Amino acid sequence: MASSLETIDLPHLPSLPVHVAVYQNVQNAAFLKSQLLAGQPEYEYAFIDASMVLSRAHVIAAVFRALNDYAHNRLKSHNVHSEIVFSLNPTNNIAESFRRFGISDSTQDLLVIKVSTSSEITHDTVAAHLSSAVEGTSVSFDDQTLFEFSDINKIKKSYKLGALPSPTKATDQVASKENVETKQRLENALLGAIALRGS
Amino acid sequence: MIAIGMEGSANKLGIGIMLHPKDGSPPQVLANIRHTYVSPPGEGFLPKDTARHHRSWVVKLVKQALKEARVSVADVDCICFTKGPGMGAPLQSVVVAARMLSLLWGKELVGVNHCVGHIEMGRLITGATNPVVLYVSGGNTQVIAYSSQRYRIFGETLDMAVGNCLDRFARTLHISNDPAPGYNIEQLAKQGKQLVDLPYVVKGMDCSFSGILAAIDGLAKEWGLGGEEKAKEDDAKSSETAAASESLEAKPTRADLCFSLQETVFSMLVEITERAMAHVGSKQVLIVGGVGSNERLQEMMGIMARDRGGSVYATDERFCIDNGIMIAQAGMLAYGTGFRTPLSESTCTQRFRTDEVFVKWRD
Amino acid sequence: MEEYKPPALPSPFNNTTPPPTLLTQGAEAHLYKTTSLNPSIPAALKIRPSKPYRHPILDRRLTRARITQEARCLAKLVREGVSVPALLALDWEGHGGEEGGWGGAWLMMEWIEGDVVRVALEKWEAWMKKASLDDEQTQAQEARVRALMRKMGAAIGALHKAGVVHGDLTTSNLMLRPVDENDTNEVGLDGDVVLIDFGLASQSAQDEDRAVDLYVLERAIASTHPRSEGLAEDLIIGYRDSYKGAPSALKRLEDVRLRGRKRSMLG
Chain W
1 MASSLETIDL PHLPSLPVHV AVYQNVQNAA FLKSQLLAGQ PEYEYAFIDA
51 SMVLSRAHVI AAVFRALNDY AHNRLKSHNV HSEIVFSLNP TNNIAESFRR
101 FGISDSTQDL LVIKVSTSSE ITHDTVAAHL SSAVEGTSVS FDDQTLFEFS
151 DINKIKKSYK LGALPSPTKA TDQVASKENV ETKQRLENAL LGAIALRGS
Chain G
1 MIAIGMEGSA NKLGIGIMLH PKDGSPPQVL ANIRHTYVSP PGEGFLPKDT
51 ARHHRSWVVK LVKQALKEAR VSVADVDCIC FTKGPGMGAP LQSVVVAARM
101 LSLLWGKELV GVNHCVGHIE MGRLITGATN PVVLYVSGGN TQVIAYSSQR
151 YRIFGETLDM AVGNCLDRFA RTLHISNDPA PGYNIEQLAK QGKQLVDLPY
201 VVKGMDCSFS GILAAIDGLA KEWGLGGEEK AKEDDAKSSE TAAASESLEA
251 KPTRADLCFS LQETVFSMLV EITERAMAHV GSKQVLIVGG VGSNERLQEM
301 MGIMARDRGG SVYATDERFC IDNGIMIAQA GMLAYGTGFR TPLSESTCTQ
351 RFRTDEVFVK WRD
Chain V
1 MEEYKPPALP SPFNNTTPPP TLLTQGAEAH LYKTTSLNPS IPAALKIRPS
51 KPYRHPILDR RLTRARITQE ARCLAKLVRE GVSVPALLAL DWEGHGGEEG
101 GWGGAWLMME WIEGDVVRVA LEKWEAWMKK ASLDDEQTQA QEARVRALMR
151 KMGAAIGALH KAGVVHGDLT TSNLMLRPVD ENDTNEVGLD GDVVLIDFGL
201 ASQSAQDEDR AVDLYVLERA IASTHPRSEG LAEDLIIGYR DSYKGAPSAL
251 KRLEDVRLRG RKRSMLG
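First to last, the protein sequences are chains W, G and V.
Per UniProt numbering, the first sequence runs over residues 1 to 199.
Per UniProt numbering, the second sequence runs over residues 1 to 363.
Per UniProt numbering, the third sequence runs over residues 1 to 267.
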């Protein structure tokens, strides 16, 4: 299976490279979740249900928040990977954040994130492990793919943003100026919620 | 040129004599004497009592000042007096005395704005050329900067003056008014360790103190720290209370309350001063007024000014606290530009804003 | 006198390459330009440095309260669709740069391109001085400023409708985000009005607070743009129709104009 694992050096936090992969039609979500819950060190990832993310910026905002808290010894959860899942949540309830954003047995499309917290974790080691561990089709970590996978209503509900208009996925309107603006406004609202959690 | 300055807008009666040498060399203080009306602990000074105090002391002080300055009446060029702002009755006692001297000696009168007196004296003593001025006393709280012939008020209190807030809390704690309630709060605050949460009210360049006073009065009551009985304990066990307050979550002491009040209100003052400095692009700050002699306020202001690459100018109690020479100094500057106060206009007024004065003597 | 040196950047921005560039330094905050979380998109970084003159407990309490207040206002306005920079990231417990420990707080916002209205109006006023226009042309030019004033009024109306007051409205806190197509060689007065700098903003739906917002802006226009002062009545026209509560806020504005910014004042 060809891997399209992307490695990102976040601006301002270049010493912590972040590896991101997206899979569709994942077959072994229940297994991955069980490994995570069992605390298997090689399965220490942020496993995120891709239907709960809107865009790259949405994901990166949560990653940045978690990494900044990690860099300053302020993690609220177990490790930086669980913190990424928690950082997607607009409230301080960690268990709730996993129910909402984390992998579930029924997850089909999966976002996987791994942070190079030590020099042993590299693009190649992560790519090698994921290609054997995840049964699914690797796709690219881009806005279009994420938007297709996203469940806008569920996202809006989790962030209590029901009053905001929803961007459409209809092919004839998706690129319209109005729809782009609608999506941007929703994204901005998500970023604000992530930044403000716990304030 | 020699001027007598007469100040009595609050509970201090001050007579000063100032010389501006004809050769342009620096002005000299020839005499600076003061007598303060001190009210009993737990009480403020009332206008009628204060006015009586000024009336009974003014002649004595003028005579003493002339003697100390080694000048005769003939040497005096003008008589400067505080026109306002201040308390009505005490102001009146002094203006009556000034008028009497004017008629008796045939000298011209110069009515002076009290706040401008503080500013000009501060500039003279410290050498600050064009500072942002924080004027803090029992009756005033203003952030002032000079611009085109006026001392403009950039920020001020929206309710009570900061000195009034401190004085009234001193009354709650029955702290002595001798030599000044604020001075005694400052001494007690030095033993304070624990910071209690108080409201912090800054709006732009303005601030408010009444909510803070209500809150700290409430705390004093809640912890049973007010009143005469507790005041007697201060001397007895100051070391003991300091030790007790170091444990966490401890009941606050009287010292802790004084400390917290000072830390909070002084932070507000430094903040609005810094805002004004940023606004006008000044790096100098001058503190005047009675509260300006507080060393903790001076220290905080100094840290702020240093971080802005500037410096703070402050004076000691001789010049900070109301006095006669500041009135002589500001009066003489006006006198030098031809300003006179005719007898018929030699009144006083409780309300007299700093920015009403046309500052003809500056560019 | 020593050169003024801004305090060291809080972590992680002490590692940022290229380092953030300082744009403005106020009494409370320093504004930098840096990259957002996407390296190809710029962002504005507002830093509230620790104030060493204050008691550390009070300093943290105030710094945190203020930065989160500003961030909450921004986030709320984004949700309500008001034209403000989006909140991108926030740390109310920033760590000091090299020395470590407490270093103030920071807030990252969307970067808004364009001039502030003050600059746009200054350019226009300078251009008007040089251009020799007949009455008709002058009126056409003034109509452009009137249109801008109406847009400003509408933007402030949207702000107030969302339950936020700005607290420091001046022509320096309103930006003109240029529209894509710039086909004229006239001085740009078109574009979307974006409200910026919510450092003194608060959530309020009181007529008094709304009226003071408008009054402060009217005064700012009168003092910094004498030529535009007569055109500022369009600010009110733009505001009046922008939301239901506008007429009542405008009624209060009449009182505020008579008595000034403060409710009451003794000598």
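Since the hints were derived computationally from the structure, they do not count as laboratory data.
Among these hints, one or two may not hold up.
To be verified - DSS-like mimics (lysine-lysine), calculated; alpha carbons at most 27 Å apart, straight line:
1) W/K177 to W/K157
2) W/K160 to V/K244
3) W/K157 to W/K33
4) V/K161 to G/K203
5) W/K160 to V/K161
6) V/K244 to V/K161
7) G/K283 to V/K161
None of the values given here were measured: they were computed from a predicted structure.
To see whether the hints hold, each was checked on the structure:
1. Of the supplied pair hints, the one linking W/K177 and W/K157 holds, its CA atoms being roughly 25 Å apart against a limit of 27 Å.
2. Our distance criterion of 27 Å between C-alpha atoms is met by W/K160 and V/K244, whose separation comes to about 25 Å.
3. Simply put, W/K157 and W/K33 have alpha-carbon atoms about 24 Å apart, close enough for the 27 Å limit, and the pair holds.
4. Distance restraint check for V/K161 and G/K203: the Cα-Cα separation of roughly 22 Å lies within the 27 Å cut-off, and the hinted pair is therefore satisfied.
5. A hinted pair counts as satisfied when its Cα atoms are at most 27 Å apart, and W/K160 with V/K161 qualifies at roughly 20 Å.
6. Our distance criterion of 27 Å between C-alpha atoms is met by V/K244 and V/K161, whose separation comes to about 8 Å.
7. Note on G/K283 and V/K161: the hinted pairing is violated, with a Cα-Cα distance of about 40 Å set against a maximum of 27 Å.
Against the hints set out earlier in the document, a violation occurs for number 7 only.
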